[in-house]
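Undergrad: For the protein sequence lines, the chains are A and B, in the order given.
Our numbering applies: residue -8 is where the first sequence begins, and numbers increase by one.
Our numbering applies: residue 15 is where the second sequence begins, and numbers increase by one.
Derived by calculation from the structure, the hints in this document are not laboratory data.
Among the clues, some could well be false.
To be verified - If we take Cβ atoms under 10 Å as the criterion, some of the chain A residues that face chain B in the derived model are:
| no. | residue |
| --- | --- |
| 1 | VAL17 |
| 2 | TYR47 |
| 3 | ASN48 |
| 4 | ASN52 |
| 5 | ASP54 |
| 6 | VAL55 |
| 7 | ILE95 |
Unchecked claim - Here are the in silico distance ranges between beta carbons for each label pair:
| no. | chain 1 | residue 1 | chain 2 | residue 2 | range |
| --- | --- | --- | --- | --- | --- |
| 8 | A | ASN93 | B | ALA40 | 51 to 57 Å |
| 9 | B | THR132 | A | ASN52 | 32 to 38 Å |
| 10 | B | SER174 | A | GLU45 | 50 to 56 Å |
| 11 | A | ASN63 | B | LYS117 | 16 to 22 Å |
| 12 | B | GLY23 | A | ASN8 | 53 to 59 Å |
| 13 | A | ASN52 | B | THR148 | 46 to 52 Å |
| 14 | B | ASP52 | A | GLU38 | 44 to 50 Å |
| 15 | B | ASP130 | A | THR15 | 52 to 58 Å |
| 16 | B | ASP130 | A | ASP54 | 22 to 28 Å |
| 17 | B | ALA22 | A | GLU42 | 40 to 46 Å |
For each residue, glycine too, the CB sits at the ideal point set by N, CA and C.
The lines below spell out each chain.
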Amino acid sequence: MAIRSDLLTDLTTNLSNSSVSISTQVPYVSGDIPLYVKNMKKMYVDEEQQEITELYNCLDNNDVLQTETTVNAYVCVDAKTQPTDIDTVVSTCLNAKNSIANAIIRESSVENEYQDDKIIYTFEYRFITV
Amino acid sequence: MAIINVSAGNEAVLVLGDSAANANIAGSDGLTVPSMQDITINNSTGVFRFKTLDNTAESAVTTPATNQITLNVVVDDAAFFGTGAGSIDTVVDEGLFGVSKNKTRVYFNAGFNGTDATSKFVSGSGFISGLAPTVNMDSPVWVTPVTIEVDGDYTEGVVS
């Protein structure tokens, strides 16, 4: 789980002076409410999802494998009164992908959805390593 | 009669050496080419066609074959650049790149169904050619084609 750990380290450092803090907990559901909804302005990074596929299939079974890792992170803020630095926070979170070493593909994206008067930002990080 | 299934991972084998003895498929002195993606053993004869007045179709005879073994491999640094020195075989020491660059004659055993007794192989000698290692960010591992330009005929053999 090195990628999640590296993302947490990077986000903790680069969001230290922002209105959003970082939790080391995974975003489990407590009392039917996800932690990131219960604790607004606190970011939660989920566990890694991995898929290992063959990059090169060799006759001696010495195959070359690649690992595609996806990590989601969540933060929820008040939609009526968004933090003034939300644009910077989103940009910082997207750029956290650059903290992962030895990956040939580093991608990140963000989607948002509304839940009552809250807005939930869902970040997806995608990495491919060989 | 049986098909030859190579999915076990030790069936399609190519061993190179600087002598026929070192290239013995059942030995340990030559270079067993690792991480082959595919291998093709070409025995392509030429054809001479001629027409005669008493025949409604062309006649044909085959002419001497062009023998060539082509393969694609994932580059292994020891196999490609050699181990430097210390082995009893030049191909092991110099690697595929070294024997290509130095135009060293290599002997080969190309096994069809492994190295166990009674397994079939073809042998011969020739020269390494056609190296073109390539890499890119979509496939970030070096791969290269390899051609053995066979000098002369193949010999069919059976592992004893």
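Undergrad: Please flag the earlier hints that this structure goes against, numbers listed from lowest up.
TA: 1, 8, 9, 10, 11, 13, 14 and 17
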